[in-house]
Amino acid sequence: MSDHEYTPKSKAGKWFNDRLPLLTLANHLTDYPTPKNLNYWWTFGGILTFCLITQIVTGLTLAMHYIAHADMAFESVEHIMRDVNYGWLIRYIHANGASMFFLAVYIHIFRSLFYGSYKSPREIIWIIGIIIYLLMMAAAFMGYVLPWGQMSFWGATVITNLFSAIPLVGEGIVTWLWGGYSVDNPTLTRFFTLHYLIPFLILGLVVLHIWALHVPGNNNPVGIDIKKPSKDTVPFHPYIVIKDGFALLMFMIVFAFFVFYAPNILGHADNYIEANPLVTPAHIVPEWYLLPFYAILRSVPDKLLGVVAMLSAILILAVLPWLDTSKIRSAVFRPLYKQFYWILVADVLILGYMGAMPAEGLYLLIARVATAYYFLHFLVILPVLGLKERTIPLPLSITEPVLGGSPNMAMAKKKESKIE
Amino acid sequence: MSDKKPERRDFLFTASYAVGAVGVAAVVWPLVDQMNPDASVKALASTEVDVSSLKPGNTITVLWRGKPVFIRRRTQEEIAEARSVKMEDLIHPEKDEDRAKNPEWLVMLGVCTHLGCVPLNDKGDYDGWFCPCHGSHYDTSGRIRKGPAPWNMEVPKYEFVNANTIKIG
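Protein chains in written order, with this note's numbering: chain A, 43 to 462; chain B, 185 to 353.
Read the hints as simulated data drawn from the structure, not as lab findings.
Fair warning: this is a prediction, and the values are worked out from it, not measured in the lab.
We treat Cβ as the ideally placed atom computed from N, Cα and C, and that holds for glycine.
Just so you know, not all the hints are guaranteed correct.
[Unchecked claim] Pairwise CB distance ranges (calculated):
id: 1; chain 1: A; residue 1: Ile173; chain 2: B; residue 2: Val212; range: 19 to 25 Å
id: 2; chain 1: A; residue 1: Leu245; chain 2: B; residue 2: Lys226; range: 34 to 40 Å
id: 3; chain 1: B; residue 1: Met271; chain 2: A; residue 2: Leu243; range: 47 to 53 Å
id: 4; chain 1: B; residue 1: Val212; chain 2: A; residue 2: Val249; range: 25 to 31 Å
[To be verified] Coverage of chain B stretches by chain A, computed from C-beta distances (three or more under 8 Å per stretch; other residues unrestricted):
id: 5; segment: 221-235
id: 6; segment: 244-251
id: 7; segment: 295-302
id: 8; segment: 317-329
Bound-form chain A, shown alone:
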């Protein structure tokens, strides 16, 4: 969406570009005007692309050695760990890569929540993002089943049984999902197929996500509309490429720490015991990135309503652009929203902690309060706040506060530095 027409310099380039305008696309991506005030919270899109590519590459190489059969899956994973050249490295990157992927996606989502990136005209970007997030959870869950350890097996049993909560057809759906009367070999082979498929679906959606982003352009920490290209923007290359690259390096240090120094810290020891349909492990806990939703599931005493609450907690995000009635995007100019934002962050962290604890006594009580607050935030606080809140006046442009124009923006600048 560069405003100028692009013509390749070389004759061959022009010949090719007239037939397939790939060079025009490449030029658009390098010249793409980006708000010049993007902070490091904006680097997670690039980091997530890196995560996706990493998972696809390591996943493909693992699939060359893995055997999707109930009798052989567990052994083939051990074979990868012990016999295959660098198998341990590839598997640890893939397993920890899932956690890193979710870490990055949560930062990415919460950045969007803080700066109101989901608001008009970026609703479609946001909804595609939520679909990607749902697919990520499906892929992560099915991937966790493949090693066919105890947590794999019982995690698969518990999660697929969620569908049995559906009235009338629930049991039939579960049998259909399993391809039998319990989680068994047919379940494993289809999970492998879907686990292989989903990353490519995500890749396609990422293209749409970026395409939809490039129509209005990036939101920015001030959250105002900017003219592009203008003195408020810089070209994507080299400015953002370098900034994203530096952030990616920092991220890879964290990634490498887990892979090389604590490769199993985010997993469960029980998954190094082969699946046994006769014995359930004493504590079934999902991976850390699903814990807040697991806490919501368990905090509702009714089976069907628990499942409904858990799904609603995710799907409510898709309608967020219409629940948040405020026209002001950035929390920098919304003093009350900013406080509620941090309460929500704390609430989700509390839910995550409660999801890892046994569902009883005080833990259960706290989980219930936190669940209620989660829905209160989206269904009551956000719609009302948008109508009642007294917001701080917006600057006219990104450049204005830099040139010392607006006293309000001076405040905004101060708060910005605190967030970073």
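Start from chain A and add chain B according to the hints.
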């Protein structure tokens, strides 16, 4: 469109869409149904278990259709306890007489009706089973008494082939 009289062409459109929809459904169904249990899975429909070595108060767990089945030879106290429960006290009211035709033998799927974990034997507040996953308590008849599970543990179709052998399924 609404003011216009339907033409021959509208009929053709509607008929084409309808035939197309039937065609798509006919192609999609095999692709969906292939995921249902196949013939080899269904063929494992029954299993026979020798229970002669089981003493009162003991339970064995056998695998049937990939699921654990509890076979418990109950003690007289357990039977008395199960039969003395009032129907009003039950979440999913079922008489013990209907669940265990031969009172000494309780045969049921060892699958918690909440989310499918295997409950632990001789545990919980009702001397029966306790599910470690989400805390459901079952009594000596395998009936749900406390916790998130909605139903009693399921009694499968079974019969005594002879005095020592139970055929499940």
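Checklist line | Whether chain A covers the segment 221-235 of chain B (at least 3 residues having a Cβ closer than 8 Å to its Cβ atoms) | finding: holds (count 3)
Next item on the list: Could you say whether the range 25 to 31 Å given as a hint is met by the Cβ separation of valine 212(B) and valine 249(A)?
Entry: holds, 27 Å
Item checked: Given coverage of the segment 295-302 of chain B by chain A, checked by CB-CB distance under 8 Å (3 or more) -> holds (count 5)
Next item on the list: Return holds or violated for the Cβ distance of leucine 245(A) and lysine 226(B) against the range 34 to 40 Å.
Entry: holds, 38 Å
Next item on the list: Given the range 47 to 53 Å, decide if the beta-carbon distance of methionine 271(B) to leucine 243(A) lies inside it.
Entry: For leucine 243(A) against methionine 271(B), whose Cβ atoms are near 51 Å apart, the range 47 to 53 Å holds.
Margin query: Using C-beta distances, would you say chain A covers the segment 317-329 of chain B, given that this needs three or more residues below 8 Å?
Written below: holds (count 3)
Notebook entry, point to check: Taking a Cβ-to-Cβ distance below 8 Å as contact, does the segment 244-251 of chain B have at least three residues touching chain A?
Noted result: With 5 residues close enough to chain A, the hint holds.
Note to self: Is 19 to 25 Å respected by the C-beta to C-beta distance linking isoleucine 173(A) and valine 212(B)?
What the structure shows: Given a distance of about 22 Å, which is inside 19 to 25 Å, the answer is holds.
Taken one by one, the earlier hints all hold for this structure without exception.
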